[in-house]
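Read off the chains here:
Number of protein chains: 2
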Amino acid sequence: MTKKVTILGAGLVGSLLSIFLAKKGYKVTTYESRPDYRKSTTVGGRSINLALSHRGLKALNAVGLDDEIKSRCIPMPGRMIHALDGQLDFHAYGKEGEYINSISRSGLNELLLDEAEKAGVEFYFNHKCINVDYKHTTAQFEFEDRKVEIEADFILGADGAYSAMRSSMMRSERFNYEQHYITAGYKELHIPPNAEGDFAIDPNALHIWPRGKYMLIALPNLDKSFTVTLFLPFEGEKSFENLQTEKDVSAFFEADFGDSVSLMPNLTQDFFTNPTSGLVTIRCYPWVKENCALLGDAAHAIVPFYGQGMNAGFEDCHVLSRLIDTHGELNQSVLQEYQELRKPDAEAVADLALYNFIEMRDKVADPKFILQKKIEKKLNELFPEKWLPLYSMVTFSDLRYSEALAIGKKQQEIMDKVMEYPGIEIAWQNLDFASIVNQL
Amino acid sequence: MTKKVTILGAGLVGSLLSIFLAKKGYKVTTYESRPDYRKSTTVGGRSINLALSHRGLKALNAVGLDDEIKSRCIPMPGRMIHALDGQLDFHAYGKEGEYINSISRSGLNELLLDEAEKAGVEFYFNHKCINVDYKHTTAQFEFEDRKVEIEADFILGADGAYSAMRSSMMRSERFNYEQHYITAGYKELHIPPNAEGDFAIDPNALHIWPRGKYMLIALPNLDKSFTVTLFLPFEGEKSFENLQTEKDVSAFFEADFGDSVSLMPNLTQDFFTNPTSGLVTIRCYPWVKENCALLGDAAHAIVPFYGQGMNAGFEDCHVLSRLIDTHGELNQSVLQEYQELRKPDAEAVADLALYNFIEMRDKVADPKFILQKKIEKKLNELFPEKWLPLYSMVTFSDLRYSEALAIGKKQQEIMDKVMEYPGIEIAWQNLDFASIVNQL
Numbered sequence: 001m002t003k004k005v006t007i008l009g010a011g012l013v014g015s016l017l018s019i020f021l022a023k024k025g026y027k028v029t030t031y032e033s034r035p036d037y038r039k040s041t042t043v044g045g046r047s048i049n050l051a052l053s054h055r056g057l058k059a060l061n062a063v064g065l066d067d068e069i070k071s072r073c074i075p076m077p078g079r080m081i082h083a084l085d086g087q088l089d090f091h092a093y094g095k096e097g098e099y100i101n102s103i104s105r106s107g108l109n110e111l112l113l114d115e116a117e118k119a120g121v122e123f124y125f126n127h128k129c130i131n132v133d134y135k136h137t138t139a140q141f142e143f144e145d146r147k148v149e150i151e152a153d154f155i156l157g158a159d160g161a162y163s164a165m166r167s168s169m170m171r172s173e174r175f176n177y178e179q180h181y182i183t184a185g186y187k188e189l190h191i192p193p194n195a196e197g198d199f200a201i202d203p204n205a206l207h208i209w210p211r212g213k214y215m216l217i218a219l220p221n222l223d224k225s226f227t228v229t230l231f232l233p234f235e236g237e238k239s240f241e242n243l244q245t246e247k248d249v250s251a252f253f254e255a256d257f258g259d260s261v262s263l264m265p266n267l268t269q270d271f272f273t274n275p276t277s278g279l280v281t282i283r284c285y286p287w288v289k290e291n292c293a294l295l296g297d298a299a300h301a302i303v304p305f306y307g308q309g310m311n312a313g314f315e316d317c318h319v320l321s322r323l324i325d326t327h328g329e330l331n332q333s334v335l336q337e338y339q340e341l342r343k344p345d346a347e348a349v350a351d352l353a354l355y356n357f358i359e360m361r362d363k364v365a366d367p368k369f370i371l372q373k374k375i376e377k378k379l380n381e382l383f384p385e386k387w388l389p390l391y392s393m394v395t396f397s398d399l400r401y402s403e404a405l406a407i408g409k410k411q412q413e414i415m416d417k418v419m420e421y422p423g424i425e426i427a428w429q430n431l432d433f434a435s436i437v438n439q440l
Numbered sequence: 001m002t003k004k005v006t007i008l009g010a011g012l013v014g015s016l017l018s019i020f021l022a023k024k025g026y027k028v029t030t031y032e033s034r035p036d037y038r039k040s041t042t043v044g045g046r047s048i049n050l051a052l053s054h055r056g057l058k059a060l061n062a063v064g065l066d067d068e069i070k071s072r073c074i075p076m077p078g079r080m081i082h083a084l085d086g087q088l089d090f091h092a093y094g095k096e097g098e099y100i101n102s103i104s105r106s107g108l109n110e111l112l113l114d115e116a117e118k119a120g121v122e123f124y125f126n127h128k129c130i131n132v133d134y135k136h137t138t139a140q141f142e143f144e145d146r147k148v149e150i151e152a153d154f155i156l157g158a159d160g161a162y163s164a165m166r167s168s169m170m171r172s173e174r175f176n177y178e179q180h181y182i183t184a185g186y187k188e189l190h191i192p193p194n195a196e197g198d199f200a201i202d203p204n205a206l207h208i209w210p211r212g213k214y215m216l217i218a219l220p221n222l223d224k225s226f227t228v229t230l231f232l233p234f235e236g237e238k239s240f241e242n243l244q245t246e247k248d249v250s251a252f253f254e255a256d257f258g259d260s261v262s263l264m265p266n267l268t269q270d271f272f273t274n275p276t277s278g279l280v281t282i283r284c285y286p287w288v289k290e291n292c293a294l295l296g297d298a299a300h301a302i303v304p305f306y307g308q309g310m311n312a313g314f315e316d317c318h319v320l321s322r323l324i325d326t327h328g329e330l331n332q333s334v335l336q337e338y339q340e341l342r343k344p345d346a347e348a349v350a351d352l353a354l355y356n357f358i359e360m361r362d363k364v365a366d367p368k369f370i371l372q373k374k375i376e377k378k379l380n381e382l383f384p385e386k387w388l389p390l391y392s393m394v395t396f397s398d399l400r401y402s403e404a405l406a407i408g409k410k411q412q413e414i415m416d417k418v419m420e421y422p423g424i425e426i427a428w429q430n431l432d433f434a435s436i437v438n439q440l
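Chains as they are written, first to last, in the working numbering: chain A, 1 to 440; chain B, 1 to 440.
Treat the hints as calculated values from the structure; they're not laboratory data.
A couple of the hints might just be wrong.
One copy or any two copies: either way a pair holds, since identical chains are not told apart in the list.
Stated by the list, open to error - As a list, the in silico DSS-like pairs of lysine-lysine whose alpha-carbon atoms are at most 27 Å apart:
hint : residue 1 : residue 2
1    : Lys213    : Lys343
2    : Lys135    : Lys187
3    : Lys118    : Lys4
4    : Lys187    : Lys289
All chains, full assembly: derive it from the sequences and hints.
Now the structure itself:
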């Protein structure tokens, strides 16, 4: 008999998961608390665009979608660093032909919903999950003031950072859980197309204005605008708390992000209209109870600084899909293997994402850091099999996050010593690169 | 005008806090979800007896209660270690005249409730808090199928590890929270008085059967019985999971706690009647939002292995009380100071409690550990002002937990080196004790 799988969440991860399982012949029904994205105009408190990279593309490829996706992507082969005086400096992320992709969250979500329906998935929107009973594999929803109860063979929670399934699991015994907010928050702003209707700045880069404890970034959209995000501490000297008036905001942007001001005609209006949001890391375990499991942000919400949140969630689906193929069916031991395999990788990507805030807001402007990246690039050119920079392992490979992090730490220890060589700034080309690589 | 303080929780910490504030002239109203302990027979899933030590007694002293309490205490000046062959070994906790106290949770709670009523506190039992609105200092309760809403100048949450106030705070932005369960759980058992109606084993000791990854402990009660607690992993070779039948339980106790079996005539019955519970550490921050604050387990639930849960909660009340005295009144800046002062100490005692499980279940049976304790005792005798062993700093002093932990770490580093001296077992009396102390 066809097994019934209920999926919670029709966001990016829930939709892709639905496709994976429907294509394997499961009867998939997916519940979402919000209205159908395809019929509503607001996305609701989520970032407007995202960076799609190798892991996410590989998962989309597995359901035959990567070509469809690529046409909606804007390639970003590197970072464009905006100095305080407006000077620009481009740093490639990887090798020639390697890039991350700016993609619209809503556009991608709509495509996935359409594909899921084509694959036979049934969607129920405006169904707010209020409880999951993992012992009986049932769930209760609120829908238009009524209560709806469902029963399934499996319930998979891809219902995001504020997951209802996770809340239900938390009420059971012995569920480990942590939510931790960093001291900075974020606010989205907007660079519209210029007077000629074209991109106002180079679209083939992720723009960063690194300023130490805070930063501004911008990612291109297909409509030739940019979505801009300010990351700034909530409290302290330079903080959201100290930006109370239009004058405060203008003065702050003039002083710290001077070259961005003329690009954002609606800066102060956007600033006071758009919400200021917190940035949370959520860690929990177990992810699996009986025939219920958590995937994506529901299992491991991370800060956005490595551009890996969606990629990690898509990789969860892909890992689970491959385990089902290996074992021949979805069952409890597949779910068990999924969580044991995936938990260390979720921990690693959470740590990587936290670390990358420091890199983006501060280190990318540091000449010593830039030199280190240059040396690592050289190491990679000379020994492509032996030395892959951490950013490339995370973004352009599907090495397990936990392995990437472990290798990255080892690389950093080696590079710390290399960077101490007297006169390294001038003499770096004469380094004994082979002996450096051999320390790995 | 008299300020109104609402306290959530009429457990140990809530009752003591109520007394502190009522004695300062606040109009105190205290809400408790359970029935009045004084009229009900069950305590409901909490440990039966507790170890009261210096910090707790000092707080009780501050409200004039310590003499009243002392008559209800059974002094435990040390640990009685039960070896596998039944041999007994007594280790004093501190100096002559220093001891911790076994006290009945329900007896102490009843006394505190009576004292609070005498001080003018109004109690509402069977009121289950469902929400605290810290922006308006209001709270909602369920009482006999009705909803009751209250308003106060301050609301203080002393409502335990599953705090309703903390749940409300968690729904607000930027609340850091962690709950972590250790892999062991616990189950309470019972040693009744012997045939002569007397204590079956020495009442003036905390009995421990240390067995590496698990242990049994026993604390005396005034009725000449002992409350026994088995701490054991949930899963694995020796685990709750593997104790499914009466035969399993008998065989396990015969093999591992042989001398305890004849003391517990109802062992197997108790084992299958009494619940198996998890052991959680809860960390969160902030503890204060506007005029609302968390105290005791609601702010920092810890594992029971240092006997400090109640003592730390009582010390919270005492610290807050002294801050109110210093500033002349309870206000937001007092609450702010309370949380900033107290958070590092809560973190420290949480870590100390986790560490002490390893000490109790494993190290107390290790000759090297026993020798180290002997050397530290000698250091303390020779230099009482300079070297106070960690256990004594935590249990017999009111040094801040965070300082005790920091000093204890430094002491351990020094002792690690001392313990490596060749022939230390024989030659320890000839150590240069002054030079050891001077390394601190």
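May I ask which of the numbered hints given earlier this structure violates, with the numbers listed in increasing order? none
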